[in-house]
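Asker: Each chain, written out:
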Amino acid sequence: MIIEWASLVCLALGGLLSMAGGLGLHRFPDFYSRLHAAGLSDTLCVALIMLGLAFQAGLTLVSVKLFLIFAFLYFTNPTASYCLGHAAWRSGLKPYRRGQES
Amino acid sequence: MRPDLLLKVLAKFLIPFILIFAFYVQFHGDFSPGGGFQAGVIISAAAVLYVLAFGLELAERGIPLRALQYLSSTGILLYTGVGVACLLKGGNFLDYSVLLDNDVAGQHLGIILIELGVGITVASTLTLIFFTFAHWSRHS
Amino acid sequence: MSLLSIDHLYYWVIVILLMLGMYSMIAKPNLLKKLAGLSIFQSAIFLFYISLGKQTGGTAPIIAPGYDTYANPLPHVLMLTAIVVGVATVALGYALIIRIRDAYDSMEEDQIREQDDQA
Amino acid sequence: MIENHMTIMLVVLPMLAAPLIALLPSKNLSWGLAILTATLQLYLAVNVLLDVQGGTAIHYELGGWAPPWGISYRLDSLNGLMALLVCLINFVCLLYAKASIEAEIPGRKLGLFYATWQLVVTGLLGIVLTGDIFNLFVFLEISSLSTYALIGMGRQRQALMAAFQYLLSGTLGASFFLIGVGLCYAATGTLNMQDLASQIGQSDQPMTLYSGFAFLFTGLLLKAAIYPLHAWLPNVYQFSPQAVSALLSATSTKVALYVVVRCLLDVFGVEFSLSRLFADLLLLAGSLAILFGSLRAIQQTDLKRLLAYSSIAQLGYSVVGLGLLTVTGLSGALVHLFNHGITKAALFMGAGMLALGPGTTLLTRLAGGTHRPWLLLLFLTGGLSLIGFPGTVGFISKWMLALAAIEQGHWWLLVVILLGSLLAILYVWKFIETLYFVPQNPPETSTGPVPGRGMWLACGLLCLAIVYFGLDTRFTLGVAMDAARQLLGVHP
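The listed protein sequences correspond, in order, to chains A, B, C and D. Residue numbers for the first sequence follow this note's numbering, beginning at 5 and rising by one. Residue numbers for the second sequence follow this note's numbering, beginning at 12 and rising by one. Residue numbers for the third sequence follow this note's numbering, beginning at 446 and rising by one. Residue numbers for the fourth sequence follow this note's numbering, beginning at 9 and rising by one.
One should not assume that every hint holds.
Under the rule of at most 30 Å between Cα atoms (straight-line distance), these lysine-lysine pairs were calculated in the DSSO-like manner [said to hold, decoys possible]: (1) 117/D - 35/D; (2) 98/A - 478/C; (3) 100/B - 98/A; (4) 69/A - 499/C; (5) 69/A - 19/B; (6) 69/A - 100/B.
Among the chain C residues that face chain D by a calculated CB cut under 10 Å, a handful are [what the hints assert, rightly or not]: (7) 463; (8) 464; (9) 468; (10) 470; (11) 475; (12) 482; (13) 493; (14) 527; (15) 531; (16) 534; (17) 537; (18) 541; (19) 548; (20) 554.
Computed footprint of chain B on chain A; a stretch qualifies when at least three of its residues, placed anywhere within it, have a C-beta under 8 Å from a C-beta of chain B [claimed, not checked]: (21) 44-53; (22) 83-97.
By construction, these hints were calculated from the structure, which means they are not laboratory data. Ideal placement from N, C-alpha and C gives every residue a C-beta, glycine not left out.
Could you build the full structure based on these sequences and the hints that come with them?
Answerer: This is the structure we're talking about:
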C-alpha cells in the first residue's frame, strides 16, 4: 500500500517536472534558458519516473534494468545539454539580457 | 570540428556499453525482442557518437568509406547467399530447415545468419549515410 | 457517439497526425519541412498498424509460463519493415535536398521554380 | 531441380547481382554482370510464361511456409506477361545503357548505377510475382527508392527536383496503399491475396473494407499516374538519364497498373468493387487521360516531355479497357500495357540517341536530325504504333478496345478512342516534322559521342518487336485473353 502511494507520488512528481520543462522550453526567452529548463527538469524527471516504476516492479530484474537506464541517462543527459550550450556559445550566440530583443 | 574533452571522456565510457548492447540485441534476437535491424542501428549510433567526440578523420582511419561500401554489399550477399544455399540444399528459397540435418538446428542457423547479414548491412549503410552527410557539410 | 468514444481515441490521433503530415507536405514551400511532413505521415501509419496489434492485457508474443494472452506480432513485424523503408526514404530525401541546395543555392520551392523558369 | 525455382530466381537473380555489381572494380565488368543477369532472367521469364500458358498457375512458398501464413509467390498468365515485359525491357535497356549512360554519368558512379538498376528490377519483378499484399508494398518501395536515386543522376539540375517531387508523391502513394492494406488486414486478418479474396466476401466489416479499398486504389492510381494524379510524371521522364527514361516509361507505371488490375479483379473481386460506379469512374478517368494527355503532348516543345504526356494518354487506354470489364476490353488493356511498353521504350531510346550530341531534348535544338537518318525509321515505327496504325502493336490493342466499346454499346467511348488516335497523329507528326523536315540552319554536327553498337542493336530489336507483335498476335494476345478470362472468371 505504502509502496503503491510512493510510486504514485514519484510518477506524479516526475510528470509534473516534465510538464514544467516543456512549459519552460516554450516560454523562456532565449536558447540558454530554454536549454536550462529542458536539461535540468529532464534529468530529475527521468530519475523520479524510474524510481516510481521501480517501486511498481519491486526487487526484480526489471528494476535492475530500470536502474541501468537511469544510470546511463544520468551520464548522457547533462553531457548533451552541456555540449549543446557549449556549441551555441562557441558559435557566438549571446545570452539574453533584460530589455533586449531576443 | 574541435573535439570536446567532456564528450571524449563520456564517449570512451559509453561506446563499449553501446556495442555490447548491440551485440546482445543482435545475437539474443531469437530469444527476446531484437534482431539485425535494431542492432545495426545501435552500432551505427555508436559510430555517430565516435565521430561527434573524436572527429571524422580519426573515424575514417578506423573504417574507411570504401570498407563500409564493401560491408554493406557483403551483408546483402550473406542474406541472399543463405537463401540460395537453401535452394541448393533442396528446399525452397529461405527454407532454413534444410540447412542442417536437424530441422530446428537448421532454422536456428538460418535465422542467425540472415539477421547477421541484415545487421551488417544496416550498421554499415547507416554509418555510411552519416559519414557522407558529414563530408558534405564540411565542403559547403 | 461511438465514433468519439475512448476506443476510437487513437484513431483520431492517427487521423490528426496524417492530416498534419500531409498539410506540411503540400502547403510548405520549404523542402525540409515537406520531408518532415512525410516523416510524420509515415509515423502515423506506423501507429495505426501498431494499434491493430493490441490485445487487452496481452504481453510480448514470446511463449512464457503464466501468460496466455499475447499481442498480435504481425503488425509489429510489418512496421519494422515499413520503418526501414521510411528511414531509407528520408535519408534519400535529405541527400536530394543537399544536392538541390548545392545546385540552386536555395531550399524554397518557389525560388527554385523561379530559377527554373528563367533558364 | 531449377525448374521448381524459376519463379523465385527471377527475383533473386538481380538481388544477388546488385551487391556483386557494386563490389566489382571496373565498369565494364559491372555492365557485363548486369547484362548476364538480364539474359538469364529473360530466358527464365519466357520459360515460366510458356509453363503457365493455358490457365495453370505456378505456386511457390517462400521458406516452406504454407500460404496464409508464409509469403507465397503465384504466377499465372497475367503476371507472366508482365514479368516478360519487365525482363525484355530490362535486357534491351541495359544493352542501350552501356554507351548512353557512360556519356551522362561520371565513371566512378557507374558501378553504383548498375547496382541500383538491378534493385529497380528486383522491385518490379517482386511486385509482379508476389502473392502477398504486404510483400508487394515492400517491393514497391524497393523499386521506387532505387528509381528516385536513378532519376537524381540526370545531367540537368532539374532532375534533382523531379526526383524529389517523385519521392514525395511516390511515397504518399505507397503510404496510402499501406493504409489500405492495414484496413483490409483489420477486417480480414490475412495478407495473402488469395486468402484475402475468399475472406472479403464473408467479412462482417464492410465499412472497413470499403475505406481500405478507397485508400488502396488512391495510392495505386497515384503510383500509376492515372489522369488526375499524373503530375509527377512529365518532369521525371523529361529529366532522368536517357536509359532510365526508357526503362521507367515501359515498366514502372505499367507495373503499378498491373497491381490495380490484380487488386481490383483478383483480390477484391468483381462483385465487391463493382459497384458499377467505380468502373464508370475508371472509364471517365481513362477517357479524360486520353484527351488531356494528347492535347498537352501537342503543346510540348521538348521531345521527352512530349513523349511523357503521350504516356499519360496511352495509360488512359488501358484504364478504359479495365473499366469496360469484358474479356475483350480487359485483354485489350493488358496487351496494351505490353505493347505500349515496348513502343514507348523504343521512342525514348530514339530521343536519347538524338540527344547524345547536343545534350538536350528541346525539339528546336534537335531539328535537322538528318545526320541520323536511320533513326527516322524508329520514330516512324514508334509513332505509327502510338497512333495505332495497322501492322504495328498499337493497332492491336486499340482494335481490341474499340471492339469492346462497341460490344458494350459505349459509342462515346469509340469516339474518344478515335479522337485520341487523331490527336496522336498530330503530336507524332509534330516531332517527326520538326526532327526531319524542318531545314536546319547549320545542323548540329555530331561533335559529341557517337551512338554505340549496343544502342543501335537495342533500338533495332524493339522496332522488330513492334512490327512482329503487331503482325503475329497469337502469343501476346493469347496470353492476355487467358489472363482476362481467368480474372473475370469466364470459361472459354
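Asker: Run every hint past the structure and note whether it holds.
Answerer: Cross-check of the supplied hints:
1. For the hint pairing residue 117/D with residue 35/D, the CA-to-CA distance comes to about 9 Å; that is within 30 Å, so the pair holds.
2. Proposed proximity of residue 98/A and residue 478/C is supported: the alpha carbons are some 27 Å apart, at most 30 Å.
3. For the hint linking residue 100/B to residue 98/A, the alpha-carbon distance of about 68 Å lies beyond 30 Å, and the restraint is violated.
4. For a cut-off of 30 Å, the pair hint linking residue 69/A to residue 499/C stands: about 24 Å separates their Cα positions.
5. Note on residue 69/A and residue 19/B: the hinted pairing holds, with a Cα-Cα distance of about 26 Å set against a maximum of 30 Å.
6. Between residue 69/A and residue 100/B the alpha-carbon distance is near 43 Å, which puts this suggested pair outside the 30 Å criterion.
7. Nearest Cβ of chain D to the Cβ of residue 463/C: about 8 Å, under the 10 Å cut. The hint holds.
8. Given hint, residue 464/C at the interface with chain D, is violated; its Cβ is 13 Å from that chain's nearest Cβ, farther than 10 Å.
9. This hint is violated: residue 468/C has a C-beta 12 Å from the nearest C-beta of chain D, more than the 10 Å allowed.
10. For residue 470/C, the interface hint holds, the least distance from its beta-carbon to any beta-carbon of chain D being 6 Å, beneath 10 Å.
11. For residue 475/C, the interface hint is violated, the least distance from its beta-carbon to any beta-carbon of chain D being 12 Å, above 10 Å.
12. The beta carbon of residue 482/C is positioned within 10 Å of a beta carbon in chain D (closest approach about 9 Å), and the interface hint is therefore held.
13. Residue-level restraint check for residue 493/C holds (minimum Cβ-Cβ distance to chain D is 6 Å; threshold 10 Å).
14. Interface restraint check: residue 527/C against chain D, minimum CB-CB distance 7 Å, threshold 10 Å, status holds.
15. For residue 531/C, the shortest C-beta to C-beta distance to chain D is roughly 8 Å, which falls under 10 Å, so the interface hint holds.
16. Interface hint at residue 534/C: satisfied, since its Cβ lies 5 Å from the closest Cβ of chain D, which is below the 10 Å cut-off.
17. Because the closest C-beta pair between residue 537/C and chain D is about 6 Å apart, less than 10 Å, the hint holds.
18. For residue 541/C, the interface hint holds, since its Cβ comes within 10 Å of a Cβ in chain D; the closest pair sits about 5 Å apart.
19. For residue 548/C, the interface hint holds, since its Cβ comes within 10 Å of a Cβ in chain D; the closest pair sits about 4 Å apart.
20. Using the Cβ-Cβ criterion of 10 Å, the hint placing residue 554/C at the interface with chain D is satisfied: the shortest such distance is roughly 8 Å.
21. Chain B is given as covering the region 44-53 of chain A, and this is violated because 0 residues of the stretch bring a CB closer than 8 Å to a CB of that chain, at least three being needed.
22. For the region 83-97 of chain A, the stated coverage by chain B is satisfied: 4 residues place a CB nearer than 8 Å to a CB of that chain, which reaches the threshold of 3.
Consistency with the previously given hints fails for numbers 3, 6, 8, 9, 11 and 21, ordered from lowest to highest.
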